[in-house]
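Asker: Next come the chains, spelled out residue by residue.
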Amino acid sequence: MKKDTSHINSLENEAIYIMREVAAQFEKPVLLFSGGKDSITLVRLAVKAFYPAKVPFPLLHIDTGHNFPETIEFRDRLCKELGLELIVRNVQDSIDEGKVKEESGRYASRNMLQTTTLLDALEEFKFDAAIGGARRDEEKARAKERIFSVRDDFGQWDEKNQRPELFDMLNGAIDHGQNVRVFPISNWTELDVWSYIEKENIEIPSIYFAHKRKVFLRDGMIWSAEDGVVYRDENEEVIEKMVRFRTVGDMSCTAAVYSDAVSISKVVEEIRDSTISERGARIDDKRSEGAMEKRKQQGYF
Amino acid sequence: MEVLKIATAGSVDDGKSTLIGRILYDTKSLTSDKLKAIEDKSEQLGYDYLDFSLATDGLMAEREQGITIDVAHIYFSTKKKSYIIADTPGHVEYTRNMVTGASTSQASIVLIDARKGVIEQTNRHFFINNLLRIKDVVVAINKMDLVDYSEEVYNKIKADFTELMSKRDYQDQKITFIPVSALKGDNVVNKTDKMPWYKGEALLEHLEQLDKADIFNSGTPRFPVQYVIRPKTEEFHDYRGYAGKVYGGDLSVGDDIIVLPSKTRSKIKDIYFYDEKYETASRRSSVTITLENDINVSRGDMIVKENDLPTIDKQFTANVCWMDSNQLTPGGKYIVQHGVNKVLAKVDRINHKINPDYSGFEKNVTGLNINDIASVSFKLNKPIFYDQFKNHRTNGSFIIIDPQSNNTVGAGFIQ
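Going down the list, the protein sequences come from chains A and B. For the first sequence, the working numbering begins at 146 and goes up steadily by one. For the second sequence, the working numbering begins at 46 and goes up steadily by one.
Straight-line Cα separation of at most 20 Å, SDA-like style, residue types lysine to any residue; simulated pairs:
1) B/Lys-50 x A/Leu-336
2) B/Lys-378 x B/Val-388
3) B/Lys-81 x A/Ser-419
4) A/Lys-246 x A/Arg-234
5) B/Lys-312 x B/Glu-324
6) A/Lys-199 x B/Tyr-284
7) B/Lys-81 x A/Asp-418
8) B/Lys-277 x A/Gly-228
9) A/Lys-244 x A/Val-233
10) A/Lys-199 x B/Ser-343
11) A/Lys-193 x A/Gly-228
12) B/Lys-322 x A/Ala-198
13) B/Lys-124 x A/Glu-415
14) A/Lys-244 x A/Met-257
15) A/Lys-199 x B/Thr-335
It should be emphasised that the hints constitute simulated quantities derived from the structure, not laboratory data. The structure presented is a predicted model; accordingly, all values stated were derived computationally and were not measured.
So that you can see chain B by itself, here it is in the shape it has in the complex (with noise of 0.2 Å):
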């Protein structure tokens, strides 16, 4: 069995906390006193049918006001994977909350009101999930039965979606469009017959079809030491082990490896997972790692393979996604932490911004506000050692911390 993390997005009010209260009740994941509860408030608030959002409205502050305020996790499972949900909010000031539900996400449901069609939000749901490279994205065209199942309407919509695709950078995205009604249950858990227009699966259908090849970006094997295991211990005195997790693909016993930034050279003695020793780890593992020769690693550095660098530097250019309500000016200084390692960055220049309509670019930009997208390139202190993002979504992507507030200000995407 697999996990599959799904990250929703969706305007104001198209139902999106419906949709998953709707997949929660059609796969029996509500448990019968989670079920009383939102009967009983629905009730009182004078509904006449369920309210599924009260099922993942978590804070009380969502549910005074009907709208999803932070990124909430849901959890369920059928008999072929677990999933889990990133349930994240569709209004303009809380892009940052989208992106960051994206970044853990490999596949994404865009979420489309059937009576209002394509709107500028949608556009930027869509240009978010491709700026992240998300592999499979549903579009998720909602509230059919207020269009009387039209298909029409779907067709419609489905050709001002086609027309935002063509002008992604990432095209290899798979698209994948569904007529639903999350109120009425259908084509989510189960195909409906009222579309008999429609010939594809069910929302859950398709989810539960997808294997690893459509849903994980492969790329060179990376691992950056996390930490510096040494026991100091009669039976392990010399032991020297650096802890990681493993990023884009495979290291095995024997591997010729160079350590960055040092540049020296050994070969993977052993990898450890607890107290087992295995061949090989493969990617997504946290394992220790031992090497044939004594040197010096610490935190930060990074062990890849021989035959594989990838670019050390000292600048870089990246789309930024900027989540601080001050602004990031040109000469600004942050700390970008890249993986595990932190260093000292200043802005060098904001090339150009992404217009909010997503309709092109803006250049002469002075400064970026909060849930901006932009091309902005930067100057560290010391160098990285990065792939772009297009080619490692991990270490391709790095986060912006303000030193004063100590807050996580931005993402960016090494272009």
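Just chain A, with the same shape it has in the complex (with noise of 0.2 Å):
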């Protein structure tokens, strides 16, 4: 018997529902791929709605360019493996272009540039459905998203003016020119996704898991050494320790935590212990009290 009983079950049938909504109510879907856990979970949940079909969307990376090395190379395997069609747009076309400006200074990061690129990738292709995989546990103003979120010409949120979502019914009627961002997993948590990969047996990058990384402390964080993305001074001193990402954003923002899990199992452990949010480790969301509101009220996703 199919059932429903488990809560990672419900979750799931949830978001096949959703998956299959966008794919009936949208002319051009696209799911939102960053490499992350998040999307490659989202990925996974398209395959099994569609079954034995194939996924009736193609995915898109926006590459910031400051990605993992790892992400990069597991992306271009699991779309060969899955049969895929995937669209990279790249930051630094947007920098090239002089539609936007690197940042510079210790914190510079690409993270707040992907939302030019991004929308620009939405015009170019006239996508009306763009699947992400945020989740309201994650930060305050996402705990306010929408499953059917949308958005106006300049990819803008309006988060006095929602619509109201009631029972299973998702609205996904806009106007030429709108799009709308769906969030089939927004009512997961992160220790959901990770059980859910481990229940599924999903394969995701390495630099999920433990591992010996060149590292540096800054303001109590740890911070990549290797690559030379992160700008570094010169007396912040490198050391090697045993480490792990818990999400892959733009290696800029993104920093490691102290860990020794090195399989799955281990990972969920050491979630389920964690005294600190996953998005604690995430320095965009520092910058302000309203990082993430005012980031998403400009197009960010």
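These two chains come separately, so use the hints to put the complex back together.
Answerer: Laid out in structure tokens, this is it:
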């Protein structure tokens, strides 16, 4: 019997329902793929939702140029194995075209710059729905996000004027030029995602597991000293430690945590016992109290 | 482990966000960085206690004004259950968010300020919970610390609330009264010794012991077809799968079914979930069904059991909660979305409106304003397949979409 009794099953059933609504209600959907665990989970859910047919939409990766090399390699392999169409657009191109300006200084990050490249890509391909792996438990502005979140011509989020979502009914009606951000795993927590990855035996990039890495410490956080992306002062000493990453955003704003978790089950255990939140290691959220909300208003996903 | 979705309702300053913050704190669900942010902010604002509402009020305007504007979703879990709390605002103008929060919830907490007792807003909160047929409602009488933990105050509020209950349509609703202090943590997660006269459970204890029968309405199986899966590959050449979510009851291989609206008969051949076959699909599972006969089925059609048909009609009457600043008026044209099915609809007439204080009905109404709740009759351009809301929460509800703005402007519960 196909049951909905367990917690993770009911979240999976809900997400599959949302995937199918996207395919049915929109003309040209796309799945935003970062190579992180949340978007890998989305890919798995999409495959399950449409089996034995192919996933009826492509993946779009906005490459900051500061991604962990392990993530990129993983991305290409996953798409090849599952026969998925992958579109890549580069933040570097937006910089070269003069559309955005590279930040400088200690906390320079390309995270904010992604928004422009993303909005341009949505317009270029005329995508009317973009599926993302954001979760409500991540951050308090995201806690207010809808499953179908309507964006205007400028990709902006009007948080005070959101469509009410009742029962299972998702209203994807939009005008020409508007688009909808869709969040099928809205109701999942970080632990849920990890439990699902464990249950489904889903492969994820190696940086999620504990490994030896050259790092340096700043503001109580652990930064990668490899690849030369993160700005480091000369007096910030490089040390080698066992670490892993809980999120795999742009290297310049993603800090590592000390960890011995070398397998999924160890990671699940570690998260269960963790006393610091997932985005606690994301410097982009710490810029101000309303950092995420402001970025979302501008079209960040 | 199960998921329990809970809606909260209360007026401004009843301490709803504080209650949720307290639950998170006492169940050790707040991570150290979030707790630190709350401590810092409380100190910065000059409070002499931790302001747990800072954990949930996510928008800048909310933090500035100290109020909750939009529905926030909060997640925590215990060893027994995973909880999702829809924290909905209590202001009059945000009734629509309360209805929204309650629509996806199986249980609800109504907050009352012990100093104020049952007020007009309590009436509204309870009315909405009753209208949406939430099976289990907890009335949390908060701020007991400010009334010296008085049993008399508690009894008075309980009596006043019981009076409200007697007037309600859905009489089987289970209601539990719990005296609490969210600020001090009395009877929220842990039982307090300050109210020895209260023999019941703490709030979380109560939620922990609810089981499926307490929270889910049962019904007959309904399978609205969401998406038709046609792989068109060598291996699955003739495969035609109907993807959707099962509502109300179970469906099994071999069941005699009817496809609506064509009323074509067939049998369920296979039930797939991904690449595995199952004998039975239980309610709320997202499966793919194949049928014995090669018949034409498309999105918006509904597969039901042969001996268990819903009403098939081009008109219905429903309780409508209006959510738009533009009025709903007789003759108005809208799109009704019933499950995954969309039809054109015209407002035939407004039968009566519920008074703002929920004391009775108002007839001869010319239009509905935002947050009004009224009985409205609709005519449709083609039939839909519905059940009464009281018999089927999913198949008895719909949303109203304004074809001009594309916005969701109302919700309805079929009578």
